[in-house]
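**Q** Input sequences plus hints: build the corresponding full structure.
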Amino acid sequence: MTLKKIIVAALIMCICIQDVESVECTPNFCKTRQCKSVTCGPHQLLRRRADVCGCCDVCTELLEMGMPCISFRGPPATAQCGRYLVCMHRRCVPMYRMNKNRR
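With numbering that gives the first Met the number 0, letter number 10 in the sequence shown gets 9, and the count goes up by one each step, no holes.
No wet-lab data here; the hints were simulated from the structure.
Backbone N, C-alpha and C define an ideal beta-carbon position, used for all residues, glycine too.
Keep in mind that a hint or two might mislead.
[Stated by the list, open to error] Restraint-style ranges between C-beta atoms, simulated for each label pair:
#	residue 1	residue 2	range
1	R89	R47	21 to 29 Å
2	G53	M87	23 to 31 Å
3	Q33	T77	17 to 25 Å
**A** In structure tokens, the structure reads:
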């Protein structure tokens, strides 16, 4: 990838991130928001009112053990570690392993 393409890609990412973070959630925002009906797939979790402003339901992908995961600030996550798993050192690991590391 050329330097010019890298710079263009970085600028596009910055614009997209700024656009997501510039959403203003006013007190009555959810009253006027038109939420789409959501049907989650077999490896997804329905999260109620989990969009940026807490108005609409969203589906979150459930990651399996060993899959990469990221915890960061910003827009709501589109994926999370599955049942009985936690994100530790950027990987989904069993909860019991997290407790062993705290001792």
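**Q** Among all the numbered hints in the text so far, which are the ones the structure does not match?
**A** The structure breaks none of the hints.
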